[in-house]
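Participant: Under the working numbering, think of the first position of the sequence shown as 1, with each following residue one higher.
If you are wondering where the hints come from, they were derived from the structure by calculation, not from laboratory data.
Do not rely on the hints blindly, as some may be mistaken.
[What the hints assert, rightly or not] With a straight-line cut-off of 20 angstroms between C-alpha atoms, the simulated DMTMM-like cross-links for lysine to aspartate or glutamate are: (1) K141 / D56; (2) K61 / E44; (3) K61 / E86; (4) K15 / D89; (5) K61 / D33; (6) K61 / D129; (7) K61 / E106; (8) K113 / E28; (9) K76 / E44; (10) K11 / E47; (11) K113 / E44; (12) K11 / E120; (13) K11 / D56; (14) K141 / E106.
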Amino acid sequence: MQLRGNYIFVKPGEKAFLAASNFVNYIELGRPDSRGFYLLAGVEGGEFVVSARLFDEHGTKVAEIRRNNVTGPAAKLSFLPQGGYEVTDPQGQLVLRLALSGERNETCVLQGKFYDESGELVAEGDQQDLRIYRAPAVLGKSGPARGIVIEAPVTIP
1 MQLRGNYIFV
11 KPGEKAFLAA
21 SNFVNYIELG
31 RPDSRGFYLL
41 AGVEGGEFVV
51 SARLFDEHGT
61 KVAEIRRNNV
71 TGPAAKLSFL
81 PQGGYEVTDP
91 QGQLVLRLAL
101 SGERNETCVL
111 QGKFYDESGE
121 LVAEGDQQDL
131 RIYRAPAVLG
141 KSGPARGIVI
151 EAPVTIP
């Protein structure tokens with residue numbers, strides 16, 4: 001079964017993230033209440049807001065982001081001319097790019113390779129989509145209601 005092109009808690013033309021080929025107002029990967037990997041992305045007040053704890057393929061923490069502000073370890077935040085931003089590690093390698101598209105920059109794709117604290121690939125995003133490979137994940141949220149919920153230990157092929 002594939003679910004593609006759906007709008008989960010958003011309408012066409014509204015600001016939305018493109019994740020797993022669906023338009024959503026919220027993405028949650030990993031466990032935000034843990035010390036390990038997590039990525040939270042939401043539309044708040046008409047803005048794309050990201051918080052995350054990001055690791056490389058060796059399980060080394062390379063960046064922590066709190067509400068679009070890089071807080072450590074030594075990652076760098078750069079704003080993109082077309083809107084959005086990117087975070088790079090101290091060697092200049094891409095950690096996360098918040099890439100905007102659409103007539104009014106209403107669509108956001110999170111780009112980069114996202115690894116958990118053990119170095120396993122959780123998700124990866126390019127110009128087309130954010131592909132999610134490992135649970136837990138939540139796509140879409142409205143108050144206490146959550147859209148698509150994928151619980152651990154499912155691995156998505």
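Participant: Check the structure against each numbered hint from earlier and tell me which ones fail, lowest number first.
Facilitator: Numbers 1, 2, 4, 6, 7, 9, 11, 12 and 13 - these are the hints that the structure violates, sorted from lowest upward.
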